[in-house]
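Trainee: Residues per chain are reported as follows:
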Amino acid sequence: MPRRLGWTFWLSAGWIGLLLLAAIFADLLPLPRYDETLAGAPQSGPSPAHPFGTDGLGRDMLSRVVYGARVSLGVGIGAVLLGLVIGAPFGLIAGYRRRAADAVIMAVNDIALAFPALVFALAVVAFAGAGLSNVLIVLGVLGVPAWTRLIRGATMAFAEREFVVAARALGARDSRILLREIVPNVALPASSYAFIGMAVAVVAEGGLAFLGLSVQAPTPTWGGLINEGRGIMETAPHIVLAPSFVMFLTVLSFNLVGDRLRALTDVRQSGLEPARPSAATPLPTGEHEVAGTLLQVADVRTHFETPRGTVRAVDGVSFTLERGRTLAVVGESGSGKSMLIRTILGLLPGAGAVSGGQVYLEGREIGDLAPAEKREILGTRFATVFQDPMTALNPVRTIGTQVMEPLRVHLGMDRKRARQEAVRLLASVGIPEPAQVLRRYPHQLSGGMRQRVTIAMALSCDPDVLFADEPTTALDVTIQDQVLRLIHRAREERDLAMILVSHDLAVVSQWADEVIVMYAGKVVERGPAAALFERTRMPYTEALLQAIPRLDDPSHHRLRVIEGRPPDPARLPPGCRFQPRCPYAGERCETEEPPLVRAETPDHLYACWFPVGTGAGIVEGTESRGR
Amino acid sequence: MILRKVIRLLVVLGVVTFLSYVMLNLLPGDPTVQILGMSATEEAREQLRQEMGLNSPLFVRYADWLGGVVTGDLGTSYITDIPVLEALVDRLPVTLELLVVAQVISLALAVPLAVAAARRAGGAIDQALTTLSFGMLSTPVFVLGVVLILVFAVHLRMLPATGWTPISVDPYWNFLSVLLPSITLAVGQLAVYSRLLRTDLIATLQEDYITLARARGLSPRRILWRHALRPSAISLITAIGLNLGGLIGGAVIIETLFGLPGIGRLIVDSIFARDYLTVQGGVVLISVGYVLVNFAVDLVYAAVDPRIRRA
Amino acid sequence: MLRVEDLVVEFPAGKGRRVHAVSGVSFDVARGETLGIVGESGCGKSTTARALMQLPAPLSGSIRLDGVEMTSLRGEKLRETRRRLQMIFQDPISSLNPRRKVRDIVAEGPRVWGEGADRVDEMLEAVGLDPVTAAGRRPHEFSGGQCQRICIARALVLRPEVVICDEPVSALDVSVQAQILGLLEDLKERYRLTLVFIAHDLAVVKNISDRVLVMYLGKICELAPGETLVNRPAHPYTRALLASIPGGRLALPPADQLIKGEPPSPVWPPSGCRFRTRCPKARARCAEEEPVVRPVADGQWVACHFPEIDGV
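Chains as they are written, first to last, in my numbering: chain G, 422 to 1048; chain Y, 852 to 1162; chain C, 138 to 449.
No lab work stands behind these hints, which were simulated from the structure alone.
In this text the structure is predicted, and so the values were computed from the model without any measurement.
Glycine residues also receive a C-beta, built at the ideal position from the N, C-alpha and C atoms.
Treat the hints with care, since some could be wrong.
Reference listing, derived: stretches of chain G covered by chain Y, where coverage requires no fewer than 3 residues with Cβ under 8 Å from a Cβ of chain Y [what the hints assert, rightly or not]:
(1) 458-464
(2) 618-628
(3) 653-666
(4) 780-788
(5) 835-847
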């Protein structure tokens, strides 16, 4: 991962390196000795001869700070290494072996954490003598529990991964697995923590020195210098400020280096809303008539600006949808089908998205509405069901709170009425004992039940359009059938329009009235389900249909293979986007992008220069709908 | 469930006090020298050892001491002749007030800051908070305390630099005297808390149930405070629990710096005076505090996240 | 070649309760055969697969590879026997160590056994990757389908006899799924492999398998050749499964008449027949007496008191 560490990392690392060199080669630097009194006038402020000024005895502060770095850095690095050397093996064993070893190590660790650490550091140093090695050992040992915990956590995260199981299947011994498979993965979080641990150790040593319990005078330490300067703070503040500032910079550098290393393992983050209001002008929209149908989507686009170039996730999608109809959007991952739904709903992830095109609800443009009005439409006219019922419900709120919330917010119901309505809704989606379920939490329900709850929530404010994004992909096939039936029934009863996003052509053929096939952000074929599946025109649709294993094919039947892989959305091929994988592609396909053109069946459109003539046909599927 | 937890915590307490007892007794230094002075004869010392029971085996002495602890007798300091319990109870309010005020300050600022930062991750507020928290995180308490004293007490003369006024004597002066120390203590925690919460909030905001809440037309404010905050609070609560244990350490330095008569100061003084019994009493107090806080944290976990309740 | 008898796997579920993941499963796999195992989540199919590898070893039961009892092997012996079986997992990304290069990943097996890495290039080519460009890169530079190819290469480089494929195509798109299924068929022929192929998608399993084993809640429901299973399903659960597949078979009644409700918890499996709580044909006997697996037709075995013998 060639992620950048950023300038803060290099600046901080540079400071640490500089300080380290200065501390090591302090004797060679052109500085007065740290203990040379009257090197300058006592308590004199910064001057060219003494950049940090002098202390009460006229000793050069710069020199004292540099020599103090020996103690601080020495203890910081030494304590971390000591903690690592003792803690890491325990952590590895606890995380990899689990069971008894883990229980014992973690029990000891718990007790160690309950130990009042600093009191012990104080006691040990006070009784055993304040010297560099004692301070280092005490701080190092005190760091062991944290190291054990960290390494154990990181190890556990990898020990259950399939690649470790695979290594065991290959016959690798545990020692080899630990060394080859786990340690390299644990190394990055460990190195990040090492720097943060150094920051902690430097501060802790400073604290001990401040209390007079670290390396004793005349050897200077940063904490000691600050403590000495306290008494004459009013007259000579530089004596306190100089070591304070250097210490601050050093601790900051350790923290920043640790943080940047940790950030290497992070996934990209985005908040609830984009970091900055989108400055880019919206993408241009092609000319279109406003039809006044229930839902009209005109030339919708979503592009992402990434370091690798513009990613055209959705590139000019238009359709209209009437009440009582189900429109299916199919495509493979990366085709832009889910992004299309999010664009229509205005739920794009923040970072770098630019969108264009218009969405009309009964002829009214909803993109220009004020946020509050838009939320009103989202809440009452549109409804959404997502793929994974495990993540679609808030784990810490009761089902009741969640089902009642839209009723109270959008319909203004009081608690009692909302509760009655919620019970009615849950019963209507086939949940047994709805009143009890209201008091439960999501984790107490099965996947199928949770999806029923999200469907009940979607239907709660009597919407006009239901957006179902892979509503059954995460469910078992017998439950999938139940849920699809439920959604279909709700659509019929309430005369909803539905947009069903799915990768599963079989599901689509069974439940959709109209189908859109997407490939690399574009609509490549669109039409009534029967026409599209029986008289497929676009080679991609055809290939997709023939790639699906079917129950009535004989065993060991060879499936159609689409060679290659979908194009990189940042580097789309010229001309038709499917052209590099298409067996029928001609020269024209590489130069000219095919527009959507009409097939002989009304409303059947396709984008291809050399359309295929024969259907691949999941015919029985389309006929069996609603059986 | 709760019973098992209590037993576990009692075991932890027992082990911690035993180990600390052993360690304190194994450390070099002869208490008789402290009491009788350097010039006392070996016979006099031996007699004192007999009286103090220092010659019986360590286990027996620990058992004796533990028996006292259970009945509320932590022993009497050889050095000051004050009962340890009395000394601790005397000092406890100062440290407690310091810790509580510091926690309140840091949490009251950290939560809204984290929410504001997470709302637009990478935005202006977020970047400012990140910069600020790195600065706060990297300032050792003794550095910060010294600087604060320099600015507010020495130059501006707004607040007392050192000293303590009990709340019973004068609430206003009590507030003034606790303000600088608790701010000093709160700054580091504020940085830790706000960063932890911000990171977890941002992770929560990626969840499907947040996107769905937006799709339901709920306002950003409602989503952040009602939907996202609670599932993001686990790390923060853990940190508060662990911190309260570690804070006693920070309190030692702060009490020294600001001249506050608290537990931390008592322990440091006792260490220098080789006053084992008082140190041991302090250890008991801190361990009990740690254990109680962790017990409370476990209860809070369950209240915050119902998934933990059944485990 | 591989004979499994009365396999039992249980996991602790806290508070002294146990998850009955696999309860008394027996089957055998002939050399050169592909046995498909199908079932819904929680039916124990993946646990069975891991138990075959002794990762972890089953609680009881016997697994014999060419007559060698694997469950009693320990240490070096186990390592040596285990290398004759290899495994391919569902999540190709998580199956590859992100910090290692493709060449090292594929060469790990031979290295463990002190053998030369001369077969690495051959294997990469066999799974359709160009050794020159691919070997030096790390897993994150590849798509899911390509990662699965790397996993297959890693599994085959030790010349295993049995390859256990645990949902190898579930995480992949349809077009890539077809590529991987085709590749597995090719490699099976080329290296004379025996496959155990696990998936939740009956159509996929039927496509690649000779015989199909249907599992429900840790038990075997039905074992039959693919064609027989699809055309003459005898167990009520198999019928429900087939009817639930969208665009599936018209000859069956709609799925909502063949199955109801949700699967019970494997911590408290129902008495008698485990499917009885969802079965429309369940009677008193189903709760009292556990049905044994018995033959109902040529090569077709069913565990049901009231099987649908005439097919549909």
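Trainee: Hint by hint, say whether it matches the structure.
Mentor: Hint check results:
1. Residues of the stretch 458-464 of chain G with a Cβ under 8 Å from some Cβ of chain Y number 0, which does not satisfy the need for three, so the listed coverage is violated.
2. Here's how the stretch 618-628 of chain G fares: 4 of its residues keep a CB closer than 8 Å to some CB of chain Y, so the rule of at least three is met and the hint holds.
3. Given as covered by chain Y, the stretch 653-666 of chain G passes the check, having 6 residues with a CB less than 8 Å from a CB of that chain where 3 are the minimum.
4. For a cut-off of 8 Å, the count of residues in the stretch 780-788 of chain G with a CB near a CB of chain Y stands at 0, and the three-residue condition is violated.
5. Counting residues of the stretch 835-847 of chain G whose C-beta sits closer than 8 Å to any C-beta of chain Y gives 0, which falls short of three, so the coverage hint is violated.
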